[in-house]
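Participant: Each chain, written out:
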Amino acid sequence: DAGVIQSPRHEVTEMGQEVTLRCKPISGHDYLFWYRQTMMRGLELLIYFNNNVPIDDSGMPEDRFSAKMPNASFSTLKIQPSEPRDSAVYFCASSKGTVGTGELFFGEGSRLTVL
Amino acid sequence: SQQGEEDPQALSIQEGENATMNCSYKTSINNLQWYRQNSGRGLVHLILIRSNEREKHSGRLRVTLDTSKKSSSLLITASRAADTASYFCATDRGSGNTPLVFGKGTRLSVIA
Chain B
4 DAGVIQSPRH
14 EVTEMGQEVT
24 LRCKPISGHD
34 YLFWYRQTMM
44 RGLELLIYFN
54 NNVPIDDSGM
64 PEDRFSAKMP
74 NASFSTLKIQ
84 PSEPRDSAVY
94 FCASSKGTVG
104 TGELFFGEGS
114 RLTVL
Chain L
40 SQQGEEDPQA
50 LSIQEGENAT
60 MNCSYKTSIN
70 NLQWYRQNSG
80 RGLVHLILIR
90 SNEREKHSGR
100 LRVTLDTSKK
110 SSSLLITASR
120 AADTASYFCA
130 TDRGSGNTPL
140 VFGKGTRLSV
150 IA
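So the protein sequences, as listed, match chains B and L. Using our numbering, read the first sequence as starting at 4 and increasing by one per residue. Using our numbering, read the second sequence as starting at 40 and increasing by one per residue.
Some clues are possibly wrong.
[To be verified] Some but not every residue of chain B turned toward chain L, in silico, with C-beta under 7 Å:
{"#": "1", "residue": "17"}
{"#": "2", "residue": "19"}
{"#": "3", "residue": "46"}
{"#": "4", "residue": "48"}
{"#": "5", "residue": "104"}
Source of the hints: derived by calculation from the structure; they are not laboratory data. Even for Gly, the Cβ is constructed at its ideal location relative to N, Cα and C.
Between the sequences and the hints, there should be enough to build the whole structure, so can you do that?
Facilitator: Here it is, written out as structure tokens:
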């Protein structure tokens, strides 16, 4: 089992540029989550999907952030335009079964630096 | 918003000693989970304890849950240098199916 796969692992960009982060969940998992991790705020839930449908996006900080899940094996998190305060590690995680009660499987994260 | 809060923020011990980390949370829960994160890596699930359980063991890990105090503890016995990592507790919110909310973690350093 390949686990949750995220790309890119590292991204350095300049303020104002568009950033797209990608995630491939574990096959057969019906929940996909995007989290953001910073030293100041810890691990924050941004959005999560169930069977490719967004369920709760209340954690998305601003309209500059958007997420899609066009099929069961792929999701993107887009930031446009990016700002220095978006610098963080973004994690994708997937799980199976009822949300909140099952084990989350995390990817290795995408470390974003916005200059 | 944060549901769980770990204590201490950082802990440094000698190899072979036991490490205890605590987690407090605010609302009722269905379950509480502990995760581990090595530097520069993703989080890895360690153990889940349900709200009707008081204690659970897995290898060198022992987790307790006190729902009356809204707190949990993670004990790692006979620690090893390889246990050096950050440890996070995560909870749901107890009211229906809600996603996990994580604390800020405890950074554990085990010195050989």
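Participant: Okay, which hints does this one fail, numbers in order?
Facilitator: 1 and 2
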